[in-house]
Amino acid sequence: MILQNAIADVLNNTEWAFALAECVHIGGFAIGIGSIALVDFRMLNLGLRHETAGRILRYTEPWTLFALVFVIFSGFALYMSQVDIYLVNLIFPYKMYVLVAALIYNFTVHRKVATMENPPPLMSKLVAIVSLLLWVSVVFGGIFTGFLV
Amino acid sequence: MAIAHYLQNIDWLVEFSESVLAYPIVLSIHLTCIALFGGMILVTDLRLLGLTFKSLTITDVVTSLRPWKRVGGTVMIAMGLPLAACDAEKYAPNPFFWTKMITLGLIGVHALIFRPIVYSKTEELDRSPVIPTKAKVAAILSLGLWTTMFVMGRLIAYWD
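Protein chains in written order, with the working numbering: chain C, 1 to 149; chain X, 1 to 160.
A couple of the hints might just be wrong.
[Said to hold, decoys possible] So the derived list for chain C, only partly shown, Cβ under 10 Å to chain X, looks like this:
id	residue
1	ALA8
2	LEU11
3	ASN13
4	ALA19
5	PHE29
6	ALA30
7	GLY47
8	GLU51
9	ALA101
10	LEU103
11	TYR105
12	PHE107
13	TRP135
14	PHE140
15	PHE144
16	LEU148
Hints in this document: simulated from the structure, not taken from any laboratory. All values reported here derive from a predicted model rather than from experimental measurement. Cβ atoms here follow ideal geometry from the backbone N, Cα and C, with glycine treated the same way.
Build the full structure now, drawing on both the sequences and the hints.
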């Protein structure tokens with residue numbers, strides 16, 4: 001409660017803090033989702049074909065993790081600044097469910113298939129499409145949280 | 001201002017800005033493009049700096065992502081146009097909006113300068129024992145310009 005008040009105070013009463021938190025949040029998801037999408041693109045055979053999906057994942061995973069930490073912390077701060085609004089928002093809970101699903105999926109199924117030596121092509125493609133759909137849904141959920149109160 | 005007034009009052013743009021679904025969907029697509037397309041720009045620039053994806057040649061990275069970046073850029077601009085036009089009178093005096101547009105222009109200038117000497121000469125870059133300075137300059141400027149675009153885009157909402 002004290003933490004919530006302190007965060008809300010800073011974000012609501014400092015001119016630049018809310019804007020900064022939003023920039024970190026959006027910039028973070030751009031890098032986080034963008035880096036996952038590179039693996040998905042490879043799994044769909046749409047680019048970076050001279051390298052395996054597993055190797056691409058190895059390159060991008062540190063960015064994904066780093067960015068997601070920023071997204072989640074800045075998102076938590078934004079949430080704390082207006083808890084009352086989020087608690088009654090119709091879309092926000094769905095955004096959170098999809099986010100949790102996307103996170104679990106990313107570090108289990110997605111990771112497993114991306115790092116497989118010779119995954120069946122169809123499975124690889126399907127896993128990549130589900131990954132893209134999940135993450136894009138989270139972005140849509142974020143925007144709709146702001147629009148459909 | 002007259003142009004802004006005219007734009008904003010075009011029938012379908014009025015409907016668009018008042019719609020419950022169309023406006024947030026278009027905005028979501030605009031943002032999704034930032035993620036998909038932004039990741040590709042980041043990878044290209046970091047590869048030009050020699051910081052990642054070293055097992056792939058610069059040519060592989062630049063040429064295999066080029067068509068997707070074009071698609072992403074086109075969709076992003078196509079979605080951005082109605083978003084700005086339907087609120088033209090608010091955007092017209094907004095300094096963040098104009099900084100964003102100037103940055104977009106500078107990205108065009110960046111392409112004109114560096115495409116012939118860097119992005120279209122990737123095989124030459126790959127043959128060089130060290131990544132030439134011109135490629136690193138192109139990458140750093142690109143990262144700076146796109147970061148400015150992104151931050152200005154967000155700040156547009158904060159000016160009144």
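Do the hints match the structure? See the list:
1. At a threshold of 10 Å, the smallest CB-CB gap from ALA8 of chain C to chain X is about 18 Å, leaving the interface hint violated.
2. The beta carbon of LEU11 of chain C comes no nearer than 13 Å to any beta carbon in chain X, farther than 10 Å, and the hint placing it at the interface is violated.
3. The interface hint given for ASN13 of chain C is violated, since its Cβ lies 15 Å from the closest Cβ of chain X, which is over the 10 Å cut-off.
4. Given hint, ALA19 of chain C at the interface with chain X, holds; its Cβ is 5 Å from that chain's nearest Cβ, closer than 10 Å.
5. This hint holds: PHE29 of chain C has a C-beta 6 Å from the nearest C-beta of chain X, less than the 10 Å allowed.
6. Taken as an interface hint, ALA30 of chain C checks out: its beta carbon lies about 4 Å from the nearest beta carbon of chain X, inside 10 Å.
7. Because the beta carbon of GLY47 of chain C sits about 4 Å from the nearest beta carbon in chain X, less than 10 Å, this interface hint is met.
8. Interface hint status for GLU51 of chain C: upheld, as the beta-carbon distance to the closest one in chain X is roughly 5 Å, under 10 Å.
9. This hint is violated: ALA101 of chain C has a C-beta 18 Å from the nearest C-beta of chain X, more than the 10 Å allowed.
10. Annotation: interface hint on LEU103 of chain C violated; nearest CB of chain X at approximately 16 Å, more than 10 Å.
11. A distance limit of 10 Å between C-beta atoms decides the matter here; for TYR105 of chain C the minimum to chain X is near 17 Å, and the interface restraint is violated.
12. Interface hint status for PHE107 of chain C: violated, as the beta-carbon distance to the closest one in chain X is roughly 18 Å, over 10 Å.
13. The closest approach between the C-beta of TRP135 of chain C and any C-beta of chain X is roughly 8 Å, which is under the 10 Å cut-off, so the hint is satisfied.
14. Against a cut-off of 10 Å between C-beta atoms, the interface hint on PHE140 of chain C holds, since the closest Cβ of chain X lies about 4 Å away.
15. A least Cβ separation of about 5 Å between PHE144 of chain C and chain X falls short of the 10 Å threshold, and the interface hint therefore holds.
16. Restraint check, LEU148 of chain C versus chain X: the minimum CB separation of about 7 Å is within 10 Å; hint holds.
Figure legend: structure checked against the earlier numbered hints; hints not met, in rising order: 1, 2, 3, 9, 10, 11 and 12.
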